[in-house]
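*Asks:* Protein chains in written order, with this note's numbering: chain A, 8 to 537; chain B, 8 to 537.
I should point out that these hints are in silico values taken from the structure, not numbers from a laboratory. Take these hints with a grain of salt, some might be off.
One copy or two, it doesn't matter: identical chains are merged, so the pair holds either way.
[Stated by the list, open to error] Subject to a maximum C-alpha distance of 25 Å in a straight line, what follows is the list of computed SDA-like cross-link-like pairs (lysine to any residue):
hint, residue 1, residue 2
1, K52, E240
2, K427, R66
3, K424, E401
4, K496, A356
5, K496, R454
6, K424, E64
7, K292, G439
8, K496, S452
9, K427, A251
10, K103, E59
11, K288, L147
12, K72, S452
13, K427, S233
14, K52, F479
15, K72, R534
16, K496, E531
17, K366, I318
18, K496, V469
19, K496, R534
Quick caveat: nothing in here was measured; it's all calculated off a predicted structure.
2 protein chains.
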Amino acid sequence: MTITGKLLINGEWIDGQAGTYHAVDPATGQELPPSLSKASIEQVKQAVAAAEAASSEFRRMPLQKRAGFLRACAEEIMALGEILVTRAMAETGLPKARIEGERGRTCGQLNLFADTILTGEFLDVRIDTALPDRQPLPRLDLRYMNQAIGPVVVFGASNFPLAFSVAGGDTASALAAGCPVLVKGHSSHPGTSELVAQAIARAARSTAMPAGVFSLLMGSGREVGSALVSAPEVKAVGFTGSFAGGMTLVRLAAERPEPIPVFTEMGSLNPVVLLPEALEKDAEKIAEGFIGSLNLGVGQFCTNPGLVLGIEGPALDRFVESAAGHLAQQPAGVMLNEGISQAYTQGVATISGQPGVNKMAVGEARDGKAGFCGQPTLLSVSAADFIANHQLTEEMFGPASILVRCRNLDELLAALKSLKGQLTGTIHAAAGEMADYDELIDELSQRVGRLLVNGFPTGVEVCHAMVHGGPFPATSDVRFTSVGTAAIKRFLRPICLQNYPGELFPEALQDSNPLNIWRLVNGERSRSPL
Amino acid sequence: MTITGKLLINGEWIDGQAGTYHAVDPATGQELPPSLSKASIEQVKQAVAAAEAASSEFRRMPLQKRAGFLRACAEEIMALGEILVTRAMAETGLPKARIEGERGRTCGQLNLFADTILTGEFLDVRIDTALPDRQPLPRLDLRYMNQAIGPVVVFGASNFPLAFSVAGGDTASALAAGCPVLVKGHSSHPGTSELVAQAIARAARSTAMPAGVFSLLMGSGREVGSALVSAPEVKAVGFTGSFAGGMTLVRLAAERPEPIPVFTEMGSLNPVVLLPEALEKDAEKIAEGFIGSLNLGVGQFCTNPGLVLGIEGPALDRFVESAAGHLAQQPAGVMLNEGISQAYTQGVATISGQPGVNKMAVGEARDGKAGFCGQPTLLSVSAADFIANHQLTEEMFGPASILVRCRNLDELLAALKSLKGQLTGTIHAAAGEMADYDELIDELSQRVGRLLVNGFPTGVEVCHAMVHGGPFPATSDVRFTSVGTAAIKRFLRPICLQNYPGELFPEALQDSNPLNIWRLVNGERSRSPL
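Given only the sequences and the hints, what does the whole structure look like? Please build it.
*Replies:* Below is the structure:
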């Protein structure tokens with residue numbers, strides 16, 4: 008369990024043939040040993056061919072066996088022990104409790120998908136039985152089920168080195184669907200990536216998976232990433248990161264001779280709307296919760312609340328005063344890498360310099376601190392200036408937020424209508440207050456994947472009902488979530504068997520329903536045998 | 008109920024501002040009265056704005072009311088009576104029985120979607136209840152449901168003037184989902200399109216739908232079609248037609264600032280595999296069924312069997328002899344329009360001239376017949392020549408098929424592996440025979456949306472278990488079907504409500520489950536109240 012700098016291709020650990028690099032500790036700016044290697048285009052092709060070769064076996068294996076692989080991945084990740092935690096901390100600047108929590112979420116996610124596939128819900132089995140005597144024409148027996156779409160490329164995200172990286176939500180849902188996975192690891196935590204891939208490789212061996220079921224490739228997005236997305240055998244792509252990076256992949260996939268689906272989760276402002284009664288009653292409490300959410304993980308969450316909207320008056324002033332007070336006490340935290348820290352500092356400077364934007368409060372400065380830090384910042388702007396300037400809807404990835412001061416409800420509505428798609432929208436409302444804001448709620452709900460009340464958007468529950476998605480440009484495909492069990496839908500496609508011999512049906516379609524799953528039989532939900 | 012040549016925009020019938028044209032009777036080549044008008048780009052924008060304005064009300068209305076609209080559409084189409092049948096026959100050259108059958112399918116489809124939405128299955132409701140005492144953090148109440156994606160553009164297909172045109176499968180599923188629909192009618196049956204749109208407009212009025220819920224625009228694909236697909240308010244596109252036409256839309260939608268999903272159902276060869284025992288036993292019977300399927304509707308079905316694969320020997324010779332005999336008796340039928348007839352004739356000539364291709368039989372020649380006809384044609388080629396020449400996998404849209412003569416199973420497998428994605432694949436097998444062909448079946452199943460045994464692919468049942476879709480290039484998105492109730496999935500997106508006030512939940516999410524629908528509650532299927 009040491010970091011070797013090798014790549015995982017077709018079940019073997021191999022030196023990359025396209026040069027070497029080092030991980031960097033963002034708390035010091037120093038390189039971390041050992042030397043690591045990058046994949047060549049030829050090695051990408053080998054990994055893709057291995058994934059394709061594994062496809063049929065992996066797609067068709069019993070669900071129990073596939074679930075066993077997912078559970079073994081979770082066990083092997085836990086078995087990595089302290090080396091994983093230590094390395095992830097060194098590569099990301101994130102504290103121990105966060106890394107341990109994220110490890111728990113990662114393993115919980117793998118186990119949840121194991122449980123989920125055994126319920127068979129994801130198969131969406133539909134059976135229309137034969138009607139031999141129907142007039143004018145008989146109906147033949149028709150049976151429908153979902154199956155794996157084929158090899159999937161997953162891009163590790165910088166901001167979740169475990170839960171949205173090598174064995175994160177995209178990988179777990181794609182493997183659960185029965186798709187071999189090719190991970191393009193993030194260069195911001197390459198050692199962490201290798202350790203997790205080692206765990207997956209051990210799990211794959213111990214549960215007798217085909218060799219190409221999982222590969223880890225490191226290297227640049229422009230070369231290794233593009234080669235993966237362009238490979239004809241690849242059938243879908245999962246990505247979490249910047250708008251520019253995500254759209255590059257979306258366009259690349261669309262230009263292939265055979266276009267393929269790409270699920271990119273990009274930027275989001277996650278607007279928080281403060282309704283008047285709630286503000287009147289709880290301005291200080293909401294302000295405290297808001298600043299806590301804003302600074303969680305140095306603001307490096309997709310669901311970070313980067314925009315707050317309220318109607319001017321004494322209650323909003325109380326909110327501002329309280330929020331500014333809390334913010335001023337926040338330390339400048341170490342960000343994930345130099346690029347993110349620089350982009351954050353520059354983004355805050357750009358937005359701060361826009362017409363009508365005021366700096367209301369900042370946290371501790373980064374001066375004198377080693378490493379790549381981000382200074383918490385709260386800005387404000389009038390609704391009129393906000394609506395007039397599209398630049399103010401650019402995400403500042405980090406602990407910064409803009410308060411939009413609205414003179415009245417009409418201005419608040421106009422500001423909301425000027426927003427593009429978001430992952431989340433939040434409403435703070437007193438009991439019964441929301442009933443008076445139907446239009447506002449409808450406008451907000453049309454712009455988000457998750458609408459939450461009296462809370463904050465950070466903290467994304469991994470469960471059946473979660474939607475971590477949303478209208479463009481929050482994601483490239485509003486029809487899917489990347490967190491929660493519904494994420495598996497991204498990697499499935501239906502097939503229909505007509506007049507098929509009963510003895511050849513996969514278990515899910517057999518008359519006796521040996522998996523005891525819920526099926527749609529002649530339009531009715533049923534778990535009974537036919 | 009007369010044809011006016013007007014367009015339906017925002018619930019009003021308006022003269023198009025971009026010139027006039029006439030429908031053409033393909034059986035005579037003569038123009039049909041009256042003069043018809045084309046939409047201007049400005050009129051497209053008006054229709055799109057009306058659809059957007061109708062979105063919120065249509066999305067949120069009670070399911071019973073939406074179902075009532077779908078049923079009223081079916082009733083109003085039937086109420087058109089003979090004028091619809093007569094006009095559709097004149098515009099398409101299709102016989103009365105076919106038009107009447109298609110009308111029945113169209114109305115049945117609308118009623119099936121009405122029934123389907125009332126079951127609530129399409130909402131995919133998921134509820135994870137609050138766990139206030141969970142450690143280390145409580146879980147908040149989370150509720151997930153699907154809702155309409157927004158305005159949808161539907162392109163009428165030439166080959167189904169009713170069932171895949173103005174009120175066809177795409178329109179029915181999009182309306183059922185709660186999406187306003189903008190139809191770009193097909194110029195091959197414009198009068199039919201207007202009559203059906205009149206029926207929908209009457210249904211919309213009588214059931215008090217918002218004015219922009221449905222629009223009919225006529226004009227060229229390059230102008231009206233492109234303007235529709237490029238409109239920012241449009242959120243999805245459905246299309247059935249040629250590969251070139253479909254890919255133009257796919258690329259156009261992908262290049263938008265906000266890419267949107269496009270569901271194009273394009274070409275397909277629909278391979279039919281004849282296993283040796285089946286051939287030995289039933290060569291003549293299969294041949295008869297095959298020629299019947301090939302010539303149905305002058306071969307103008309997406310699922311027309313354009314490719315047959317068998318292993319050489321006396322049984323295959325019997326099949327050929329019988330098929331040739333049946334084919335020779337087939338008349339040259341009137342095709343849908345001049346372009347289709349010309350493309351068919353030219354396609355057959357091009358494929359016939361390829362190395363190793365032999366013409367085995369032709370039906371009655373078109374000589375002397377008025378109008379735009381297509382001559383039934385059966386070609387043959389060796390597996391080696393087939394695999395070597397990609398041009399042989401070009402669809403000849405019409406009553407032509409190629410028999411691929413394989414020397415052995417390996418050649419048959421190789422020929423299958425050379426195929427791209429298909430809507431359907433068919434296997435003819437004797438009892439128990441398929442068990443010996445696992446690899447062949449797996450390879451075929453990976454290339455199709457529907458795999459059928461001992462039948463023919465024409466005749467697509469509208470039911471819950473149907474998949475009319477398949478891997479690229481049969482469609483642009485293997486994850487969806489365009490026929491059957493699962494077609495509604497194309498036009499939905501999930502939203503999650505977190506910690507939402509109980510009194511504001513839509514009915515589908517309420518604790519008491521007033522719609523009595525099946526929901527996934529904490530991971531378990533349930534119809535019980537919470």
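*Asks:* Just pull the numbers of the violated hints for me, sorted ascending.
*Replies:* Per hint list: 4 and 10 violated.
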